[in-house]
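Participant: Sequence:
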Amino acid sequence: MNQSTAISHAEAHTGMRNAILGQSLGIIPIQAFFNGGIIILIMLELSHDPLLAIIAYNSLHFRSLATLLTALFARPGSPKQMMLQQWRIAAILLLLIGILLLLFKTGWISIAFIITIYMFQIFGGSGSTYWFPVLQDFVPEDQRGRFFSRLRASWTIVSLVVVLLLGLFVGENTTQEQYGRMIIGFGLVYLLRNYYIRKLPELSASIREPNGKPTLKEIWTDILQNKRFLWYLVYIGCFSFFIGSFKPILVLYMKQLLNVRDSQNIIISIIGSSGAFMAFLVCGSYVDRVGSRLVFRIAHLLMAALMLGVSLFPVDFKWLLWALIGANVLIQGMIAAHGVAATSYLFFLMSGPSRALFTAINIAVISSMMASSSALSGFLTKYLADFTLSVSGFQFSVFQLVFFVSGALLLLALPLTSVIAPGRYQLRVTNAPRL
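Residues 1 to 435, numbered by the numbering used here, are exactly what the sequence shown covers, in order.
Please note that the accuracy of each hint is not assured.
Here are the simulated EDC-like pairs of lysine to aspartate or glutamate, each with C-alpha atoms no more than 16 Å apart in a straight line [to be verified]:
#	residue 1	residue 2
1	K382	D288
2	K199	E45
3	K217	E45
4	K255	E11
Have a look at the derived ranges for each label pair, beta carbon to beta carbon [claimed, not checked]:
#	residue 1	residue 2	range
5	Y383	W319	47 to 55 Å
6	L103	L257	32 to 40 Å
7	F313	L72	25 to 33 Å
8	A413	Y286	33 to 41 Å
9	F313	L168	48 to 56 Å
10	G77	G423	32 to 40 Å
FYI, nobody ran anything at the bench for these hints, they're computed from the structure. Positions of the beta carbon are idealized from the N, C-alpha and C atoms, including for glycine.
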């Protein structure tokens, strides 16, 4: 039995399969909008304003606020039902904005899209607060690492294939109507996820929390006394700020300076997920063997070097697009490896009655720093669009300058990895039974 005699091995096994199937569907809109850069292309089609495009992109990070507030104040009797309800509302919002894009071409539609996408993230983030607590009810500890590796690899490859197909079938310059139909499709698969998630087993509240909910005072005391967690937040916050502008600025760089077609832009953006897929397959066991700190250092150093390299490619370089594809794949792979190490280290740090808030604060710090980074970069690319800097005959555009400064600061921040405690932080148990 797992956790309690209320959930059998067979129920846990079925639950893990349904979790993978459901999440592989539900993650498609997020991956397409943000990793595929589609949300930026939609806003450029609706408003032709790069700053508005970055504002829409930053809705990805706004969901962390909803997650944090929900973790602090919500007290649902059934976390699973609360999750399903919030995700259902989020799916309906996508369907509505997709229909509006089909029906209207007036000036207000871009603002309506931004408002709707933020609301989508609020409800989606609120529901996601309970994702790990629900899984914790039935995923056995000796299978946790392999389960999360398979889960991440599955939704990554599904999203990669779907978005690649979208990139192949959209036109040279995608129309508002095409984007509207695309968003309606996203809403339908997001809604379909609930079909699988509602099948997950769930412990009753009396078993899950026999002593009742911890008070806010108990939660915050537990967190503030954990010095390793506070230093980890310092590191992960700086790291997130320096990498936060890479994805959205890459899309703007290819669209506005290199005049890459929308279909190519989507493919180049999402193909980076192949690097993440490979990292998810291999990095879990590597983190278990060498510990999180070494993985942080390797991924951190390689990302700094790659971002500096991207900034130094001349615009007229014959193989520029291939170079950008390769750099994007490697950077996304390093981000994924860094994320696996961070998850392992966070599991090591979490303790006491505040586990859910550890995760929520971690997400909030990462998201807020990445949002700040991309917003600042979006502001620069809008108001310094014609800026060029000549250094020894080399011309830097504002996009290349953002990459260069981000890579240089990331390299200077490498010593911060020393605040991570050395050692191994096991997520897995060897010789565990098969999933």
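Participant: For Y383 and W319, compare the CB-CB distance with the range 47 to 55 Å and indicate the outcome.
Facilitator: violated (31 Å)
Participant: That 33 to 41 Å hint for A413 and Y286 (C-beta), does it hold up?
Facilitator: For A413 and Y286 the Cβ distance comes to about 23 Å; the hint is violated.
Participant: Lying within 32 to 40 Å: is that true of the beta-carbon distance G77 to G423?
Facilitator: holds (39 Å)
Participant: Given the proposed pairing of K255 with E11, does the C-alpha separation stay at or below 16 Å?
Facilitator: violated (48 Å)
Participant: The hint says 48 to 56 Å between F313 and L168; measuring C-beta to C-beta, is that right?
Facilitator: Given range 48 to 56 Å: violated, Cβ gap about 25 Å.
Participant: Run the distance test for K199 versus E45: straight-line Cα separation, threshold 16 Å.
Facilitator: violated (40 Å)
Participant: Between the beta carbons of L103 and L257, is the distance compatible with 32 to 40 Å?
Facilitator: At roughly 33 Å between Cβ atoms, L257 and L103 fall inside 32 to 40 Å, so the hint holds.
Participant: Sort out whether E45 lies within 16 Å of K217, counting only the CA atoms.
Facilitator: Outside the cut-off at roughly 48 Å; violated.
Participant: Measure nothing beyond the straight line between the CA atoms of K382 and D288; if it is 16 Å or shorter, mark the hint as holding.
Facilitator: violated (44 Å)
Participant: When you take the CB atoms of F313 and L72, is the distance between them in 25 to 33 Å?
Facilitator: Violated, at about 45 Å.
In this structure, the hints that do not hold are numbers 1, 2, 3, 4, 5, 7, 8, 9, in rising order.
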